[in-house]
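Starting from the structure of chain A, add chain B where the hints point.
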Amino acid sequence: GESVGLHLPTLSVQEGDNSIINCAYSNSASDYFIWYKQESGKGPQFIIDIRSNMDKRQGQRVTVLLNKTVKHLSLQIAATQPGDSAVYFCAEPPNTNAGKSTFGDGTTLTVKP
Amino acid sequence: DTEVTQTPKHLVMGMTNKKSLKCEQHMGHRAMYWYKQKAKKPPELMFVYSYEKLSINESVPSRFSPECPNSSLLNLHLHALQPEDSALYLCASRGHTAGGTDTQYFGPGTRLTVL
Chain A
1 GESVGLHLPT LSVQEGDNSI INCAYSNSAS DYFIWYKQES GKGPQFIIDI
51 RSNMDKRQGQ RVTVLLNKTV KHLSLQIAAT QPGDSAVYFC AEPPNTNAGK
101 STFGDGTTLT VKP
Chain B
1001 DTEVTQTPKH LVMGMTNKKS LKCEQHMGHR AMYWYKQKAK KPPELMFVYS
1051 YEKLSINESV PSRFSPECPN SSLLNLHLHA LQPEDSALYL CASRGHTAGG
1101 TDTQYFGPGT RLTVL
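These protein sequence lines map, in sequence, to chains A and B. Note that the numbering used here has the first sequence beginning at 1, numbered continuously upward. Note that the numbering used here has the second sequence beginning at 1001, numbered continuously upward.
Keep in mind that the hints are not guaranteed to be accurate.
In silico DSSO-like links for lysine-lysine, alpha-carbon gap of 30 Å or less [to be verified]:
1) K1038(B) - K37(A)
2) K56(A) - K37(A)
3) K68(A) - K1053(B)
4) K1040(B) - K68(A)
Note that these hints are calculated values from the structure, not bench results. It should be emphasised that the depicted structure is a prediction, and the values quoted were computed from it without experimental measurement.
Chain A with its partners taken away, still in its complex shape (with noise of 0.2 Å):
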């Protein structure tokens, strides 16, 4: 069926490294991606976002990257912070006409000082 995925459970980092976190998807048709952060006792918030007519997109200290041939998309955050610890999800935000999304496995990121 259709998905979104996750490849890594864990990513541990030192503080001032980058981080990437990496998400796969298997509806060739998917043309609109979010990214959230959620983090402990909250729910999850809007990071950036990419449409499949583009291959990159930046925001402050993240990059969203979507290779639509092998159906792949990753966050880059970099010089990660401690505050960037927290949960990910890609997901796939709801479409006009049918109001659903789907959330990847999410990458919980720990931040080492």
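Chain B alone, transformed into the frame defined by chain A:
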């Protein structure tokens, strides 16, 4: 105001109790959602309301009953729950960021424990 609020933050209930979870947003969003999230798992969609009408029910048991009294409020009525229903219940609304991105705004959730 770009906030979705949920009450209560924590709820402990017995299997014979009736309780309600509440969600509120004042961003003018016309789509609202209930999700269930178990520990170390992604959120699972339960219900979608669009313009105050239920548009999606993801085969949720009838012991969960959603209600959308108006465009700002979303309730989830609970009755005769089971211990396996213990989870974090997240509410979300859908709208656009200042930059024009179509996304969901999530509340902090209600941590539900069923004894």
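Status of each hint after checking the structure:
Taken as a hint, the K1038(B) and K37(A) pair is honoured in the structure, with Cα atoms around 16 Å apart against an allowance of 30 Å. For the hint linking K56(A) to K37(A), the alpha-carbon distance of about 19 Å falls within 30 Å, and the restraint holds. For the hint pairing K68(A) with K1053(B), the CA-to-CA distance comes to about 35 Å; that exceeds 30 Å, so the pair is violated. This hinted pair checks out: K1040(B) and K68(A) have alpha carbons roughly 28 Å apart, not beyond 30 Å.
Going down the numbered hints, you'll see the structure goes against just number 3.
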